[in-house]
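Participant: Here is what each chain is made of, one letter per residue.
There are 2 protein chains.
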Amino acid sequence: MTEAHPFDRATALTPTGDGRSAGATSHDYANLAGPFGGATAAALLRAVVEHQERFGDPIAQTVNFCGAVADGEFAISAKNERTGRHTQHWSLALTQNDEVRATASVVCGTRAPAFSYQPEAAPSAPSPEAVPVAPTSGMMNWLQRYEFRFIEGIPSFNKTPHPEPANSHSLWWVSDLPARSLDYVSLAAISDAFFVRMLHVRGTIGPLGTVSLTTYFHATPEEIAAQGTTPLLGAAHAKRFNGRFHDQHMELWGKDGVLLATGTQIVWYKDDG
Amino acid sequence: MTEAHPFDRATALTPTGDGRSAGATSHDYANLAGPFGGATAAALLRAVVEHQERFGDPIAQTVNFCGAVADGEFAISAKNERTGRHTQHWSLALTQNDEVRATASVVCGTRAPAFSYQPEAAPSAPSPEAVPVAPTSGMMNWLQRYEFRFIEGIPSFNKTPHPEPANSHSLWWVSDLPARSLDYVSLAAISDAFFVRMLHVRGTIGPLGTVSLTTYFHATPEEIAAQGTTPLLGAAHAKRFNGRFHDQHMELWGKDGVLLATGTQIVWYKDDG
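Top line first, the protein sequences correspond to chains A and B.
Just so we're aligned: the first sequence equals residues 1 to 273 in our numbering.
Just so we're aligned: the second sequence equals residues 1001 to 1273 in our numbering.
I should point out that these hints are in silico values taken from the structure, not numbers from a laboratory.
One thing to keep in mind: the hints can contain errors.
Simulated crosslink set (EDC-like; lysine to aspartate or glutamate; CA at most 16 Å straight-line) [to be verified]:
| id | chain 1 | residue 1 | chain 2 | residue 2 |
| --- | --- | --- | --- | --- |
| 1 | A | K255 | A | E50 |
| 2 | A | K159 | A | D271 |
| 3 | B | K1079 | A | E99 |
| 4 | A | K79 | A | E120 |
| 5 | A | K79 | B | E1099 |
| 6 | B | K1255 | B | E1164 |
In isolation and in its complexed conformation, chain A is listed as follows (with noise of 0.2 Å):
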């Protein structure tokens, strides 16, 4: 018997009978304090995914964290709060100790064949191999899990800030280390795996956190096993840094250049500029 990849172990829940999952944080996605928040997304998602009531595939997720998740056990309630005829809706809540630290909505549909168009192309790239891996020994254990190759915009960890914004555009290959094939509980966590943008603009990393994400899963279950364990092509950017809130878009590119997935999140961050 192999072994469960990492991911898998991070993001495991097991039914309590009660409606609620039971899952455990991972050192292995550890972040600064608490878990990578793309694990906690990736294991409301897979609440979903494995629910017996689930209907359809992912279509969107808005995951909204209300606390800081604390290394160690916690519960998931999934509520299926309606199921029509093409879309099912659920709401969901992570917590520990009974306090709320996450809460989740989750969108699946059915998928069929319809009119098809992909106005957002892929951006020209360079293939993986020919971009070295960003280097994350030492670093966070979250980092470790990912394969960075950063194509634009590296991040900095400078102690003073650029003199002037920088771009706040980035560009990367990313896979999971090690290799694992892609699923839609994957997809969440990668979702949330671009660096935060105020290491790109102002290239110092301050107090700051994901308030609320929300992916959109545009990949089809045929695309989505199409992709195996290829490296995906991210891009992320902000539109505006205001009174301590900033956004962040993003796009997950896969083979032959198919957007996979898009999203968004707001980040609270303190810098007193």
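Given the coordinates of chain A, work out where chain B should sit on it, guided by the hints.
Facilitator: Relative to the frame of chain A, chain B by itself:
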């Protein structure tokens, strides 16, 4: 006593003493069936804005349209999930006959002076006075509650689709009709006032509906107050149409090119291509 603006009537809520509020859809904001989704989003935001436990100003809202909202009365429940030092998280549900028709999450937060930067400049555009108002007479009522001045990307309501997909991008000036000073609640509605991208890309309208809508409020209360009744500049585009779902991304700028809000939505559509 002056009569209330139609928007305020359409989104008015009355606390019913059980932690819920009562409202009703308005003929003034009627869509093809049921109310304009932006009016529903606005009523949900109002439930938080007017809540006695509300702390800070709106930062983010996600609305999930679970089922068709029918014309008539509705109830909104608003649960304060967690109030932190900087943010407050709400979970909401809109019900009719005790059936969930929409769920929502709202994040409020305290704004403070901080590093400020707006990478997304407003696109150049002629002044509102230089752009004719799009005729909406005889169309759905909610369209007659706004003045739309299309600069780029005019929607089409043809019987047969364009031979090739057209540009998904549009740019317009928008303002409430009659004029109304901007607030967060009206900004939430305007964030959903972009025409669905199918009208731009395909030029036809078939069965479709927004499934999930996320809006980020970048403007401080002072910036909101400074807008008054001046038209807002809005841009929207799509990134992918696939398997009956497509996304839409938008920006709304105010005076002096300040980015007031950004947002995204995912739309179900039926179009066999």
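Participant: Please go over all the hints and tell whether each is borne out by the structure.
Facilitator: Tested hints:
1. A:K255 to A:E50: Violated, because 26 Å separates the two Cα atoms, which is more than 16 Å.
2. A:K159 to A:D271: Measuring from Cα to Cα gives roughly 13 Å; hence the hint holds.
3. B:K1079 to A:E99: holds, 14 Å
4. A:K79 to A:E120: Cα-Cα ~34 Å, so violated.
5. A:K79 to B:E1099: Holds. K79 of chain A to E1099 of chain B sits at ~14 Å (cutoff 16 Å).
6. B:K1255 to B:E1164: violated, 36 Å
Consistency note: the structure conflicts with the earlier hints numbered 1, 4, 6.
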